[in-house]
Amino acid sequence: MRILLLLAGVTDIRFPLHALAINEQGLIEEGDNARRILSPFDEAALEIALKLRDTRDNVQVDVLLLGGTNNEALLRTVAALRPDSVRRLDLQPACLWDAQFTARQIADLLAAEATPDLLLIGREFGDLDEGSIAVMLAQRLGYSLFALTQHAVWQGDTLCLLRERGTSEESLRVSGPLLASVTNDRRNKLRHPLMKNVFEAKRMTFAAVTASAGAHTGLPLISLEAERMVERGGTCQLLEGGIAQQAEALAAYLNDQRTQA
Amino acid sequence: MNTRECDLLVIGGGLAGFAAALTAAEAGLQVILLEKTAETGGSSAMSGGCLAFAGTDLQRENGIDDSAQLLFSDLLEVGKGECDEALVKVYADNQLATYEWLCANGVVFAPVIEAASGQSVPRVHSVDPADMIRQLEQAASQSGRVQVFKQTRARRLLREKGGRVGGVLAEQAGETVELFARKAVLLASGGFVHDRELVHRFVPHYDGAVFIGGAGNEGDGLRMAWALGADVRDTAYIKGTFGKHPVDETNHHACLAVYKGAIAVNQEGRRFVDESLSYKLLGDACMQQSYGVAYQILDRDIMLSGDNRVRILDFERRLEEGLFVEADTLEKLAQLIEVPEQVLLAEVAAYNQAVNEGRTPDFGRRHLVHQHGQLRPIERAPFYAYPSTAAVFGTYCGLCIDAQMRVHDVFGEPIEGLLAAGEVVGGLHGAAYMTGSALGKAAIFGRIAAATAQTL
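First to last, the sequence lines map onto chains E and D.
Converting from the first sequence to my numbering requires adding 48 to each position, the first position being numbered 1.
Converting from the second sequence to my numbering requires adding 19 to each position, the first position being numbered 1.
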């Protein structure tokens, strides 16, 4: 089985956000100091693929990682987990806000390559919370779609994908080419790489592939502004005394809040 | 230029600094404490929270027979003859009173006592280290005799005409401030884990290690004292603590399954050390292995013997965090950590056979840790591996001091008016390290420095 992972990365918000601008071609330009890390959904997709490979000899895991700022570091991060291949995916042009256009670019690229049996993609690929790229890509490729996958297991030689819906868990038997968007779950928390592989990844070079679809004729992006800072408010009260006193004070506070409401 | 004056001027807001400040305040001295960063606590607050005391009520409640004399001999033994015996004696003689003083000042110790590196009997007294500093800081503040200036960095020691150290030149909000001390200046400014160049100068083979410590630990105190001719010692014994996960950024503390019976193997699948040794010596041995990494290999029984009340033995939480590699068989475990299967199987089999037959396994391991605990085989699935490297949590070397915490110059003469305590001093640990002796040293030596200041 060949599993292809599409990983995008997200901005690392532990650091000050970098400068963003729209250039004359209407494309987003990011400052060189931008830091990208794998998103929780990228990590989940990667872990699911690695877990499937752990228990089968005939599973191949290939990764296409979206190019962009600090892509070398991100490629090495992924490579340290030892997928069978890691390549950089350059979108030409990169218009991630236009899901239909992006899906077409990637679909055209994949159509020219060996077809994967399973395409895994983080549910917010490209940092679009609505997950539309995954949906449109499945449509373009003619793949079935299983969204918000949380877990994957082998049942004999059959692969089953699982997700929760309400209070039940749905299980799908994979019988043909399928695109699964992945969300995070305690069962797919990404493993840590071995130091040996971290060292080896530092010495690697990575191939790049370009997904182009001619000029961007879809949705034009006309402005880009930094998100407004959210002003946080509220008061904090330290409960004092023994456990009983604290419980009493907390109950009184909550009752007071209810009265006010 | 702004000037201020006090009796005792303390540089550094970690455990040594606050132990000294509070003790001095209790004796009626006026104290100013300078903290370089925006927060007090330093490396002490980030530590594993272990203090080595002997003969305490907690030990008695746990049925542990310990004494200052046994602690003294353990410290000497673990230091491999490289310690300053006078300082070790100061530690042993004053540790019980310091423990009781900490308790009296609101520091809460966990009820469980564990054995760890370099201890013949269990004597790890565990605290929440950040809370301990807060308690002392609060008590110091309530005394009305201690002023704490944060974001104030001491830059130079000031000497009077006769040579006595009488104060410091400091930076505060872009301004230069002169602070004068009528009794003494105490360097409690920690080590230099964040000055990699300085670390490299002494132990270049540690370039690949993980360094963890208070943000302000850049060797300020060491340099200021050096400038006055202070002598240093033990620089060759900077060592990392074994058991730090090499790529996990969440947990700063070591995990020491070896002290509950795990073995350590390298990337080639081979044991390479007596795992009961001080974790400093284990750290040194680990850094000699390929990639500076090893794996602690354990089974279900050892996993269950962890203790979630002691950070370094809290295996359960690390398992939940996915830091352990888990497998139903040793073969599978070997595959997951990419060590040769047959080598790992043979190593575990040889170790188990020796343990089961009552023989000493390779490398002379006789106990779980130091002289404590019976070895156990590794045989019940599931099996686990904890990737481990050495983390330099402290530099453990530094200024030469005497039993009164007076800093000595390169000719062995005390530098008048200059005291030092905590991580900035050398001499106590020697070649290796007993768990809990660094925090213990900070509290004990800080208090003694304050007592010395009273006499000046």
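Don't read these hints as lab results, they were simulated from the structure.
Any given hint could turn out to be false.
Unchecked claim - Taking CB as the label site, the calculated pair distances span: (1) G383/D with E248/E: 28 to 38 Å; (2) Q191/D with H66/E: 25 to 35 Å; (3) A57/D with L302/E: 58 to 68 Å; (4) D267/D with R135/E: 50 to 60 Å; (5) A57/D with N81/E: 45 to 55 Å; (6) A82/E with T474/D: 53 to 63 Å; (7) G79/E with E119/D: 26 to 36 Å.
Claimed, not checked - Below 30 Å or equal to it, Euclidean Cα-Cα: the simulated BS3-like pairs (lysine-lysine) are: (8) K351/D with K237/E; (9) K244/E with K99/E; (10) K237/E with K250/E; (11) K250/E with K351/D; (12) K351/D with K99/E; (13) K237/E with K99/E; (14) K99/E with K250/E; (15) K244/E with K180/D.
Where a beta carbon is used, it is the ideal one built from N, C-alpha and C, also for glycine.
Taking the hints in turn, this is what the structure says about them:
no., hint, verdict
1, G383/D with E248/E: 28 to 38 Å, "holds (34 Å)"
2, Q191/D with H66/E: 25 to 35 Å, "holds (33 Å)"
3, A57/D with L302/E: 58 to 68 Å, "violated (34 Å)"
4, D267/D with R135/E: 50 to 60 Å, "violated (28 Å)"
5, A57/D with N81/E: 45 to 55 Å, "violated (24 Å)"
6, A82/E with T474/D: 53 to 63 Å, "holds (59 Å)"
7, G79/E with E119/D: 26 to 36 Å, "violated (57 Å)"
8, K351/D with K237/E, "holds (20 Å)"
9, K244/E with K99/E, "holds (19 Å)"
10, K237/E with K250/E, "holds (23 Å)"
11, K250/E with K351/D, "holds (26 Å)"
12, K351/D with K99/E, "holds (13 Å)"
13, K237/E with K99/E, "holds (11 Å)"
14, K99/E with K250/E, "holds (24 Å)"
15, K244/E with K180/D, "violated (58 Å)"
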